[in-house]
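The chain contents come next:
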Amino acid sequence: MRRYEMMVILDPSMDERAVQPSLEQFLAVVRNDGGTVEKVDVWGRRRLSYDIEKKSEGIYAVVDLTATPATVKELDRQLNLNEGIMRTKVLRPELH
Amino acid sequence: MMAKPALRKPKKKVCLFCHDKISYVDYKDTGLLRKFISDRGKIRARRVTGNCTQHQRDVATAIKNAREMALLPYTSTTR
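Protein chains in written order, with our numbering: chain R, 48 to 143; chain U, 252 to 330.
Chain R with its partners taken away, still in its complex shape (with noise of 0.2 Å):
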């Protein structure tokens, strides 16, 4: 089990209130996996400093969450897979 760190951009379009939820859904395979969701923290929309996919706008989210690699993993493909995502990281933030 590892400590990782997740950013999220999600589309503008979507309605800030289901954020959350929508997120939730996501991390249902953290916690099914054994791994736990410390911190989910959703920062509102911010201006980009480019355009990623014609938007000038974004919802930022930042997960913080302990996982096996395997788990991050495929969460991360999911995550990748889905339309209102734009864009997503993840780190290791005691590495450094």
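These are computed hints drawn from the structure, not numbers from a lab.
A few chain U residues that don't get close to chain R, going by computed Cβ distances all over 12 Å:
#, residue
1, Lys-260
2, Pro-261
3, Lys-263
4, Lys-264
5, Leu-267
6, His-270
7, Lys-272
8, Lys-286
9, Ser-289
10, Ile-294
11, Arg-295
12, Arg-297
13, Thr-300
14, Gly-301
15, Cys-303
30 Å max Cα-Cα, derived DSBU-like pairs, lysine-lysine:
#, chain 1, residue 1, chain 2, residue 2
16, U, Lys-279, R, Lys-136
17, R, Lys-86, U, Lys-279
18, U, Lys-315, U, Lys-264
19, R, Lys-102, U, Lys-315
20, R, Lys-86, U, Lys-315
21, U, Lys-260, U, Lys-293
22, U, Lys-260, U, Lys-286
23, U, Lys-286, R, Lys-136
24, U, Lys-279, U, Lys-264
25, U, Lys-286, R, Lys-102
26, R, Lys-101, U, Lys-279
27, U, Lys-315, R, Lys-136
28, R, Lys-101, U, Lys-293
29, U, Lys-286, R, Lys-86
30, U, Lys-293, R, Lys-136
31, U, Lys-272, R, Lys-136
32, U, Lys-315, R, Lys-120
33, R, Lys-102, U, Lys-279
34, U, Lys-272, R, Lys-86
Computed far set for chain U versus chain R, every beta-carbon distance over 10 Å:
#, residue
35, Val-265
36, Cys-269
37, Asp-271
38, Thr-304
For each residue, glycine too, the CB sits at the ideal point set by N, CA and C.
Using the hints provided, position chain U relative to the given structure of chain R.
The following block gives chain U in isolation, referenced to the frame of chain R:
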């Protein structure tokens, strides 16, 4: 007091991160990282920032991570 320009010794800069004892440079902290990029969006050189080798490297990776997530620009044309 008044140093002659010809033999002026530049003041030795100390690394901000060593001074403040910050071990992890967070890519989410754009306010801090913005200090280390030029108005064109380029990463400032170590001789400008005064960072130590390790922390300059950490700052550079943090800026690159932030760029990937559109927190910082790759280029900014506004001049």
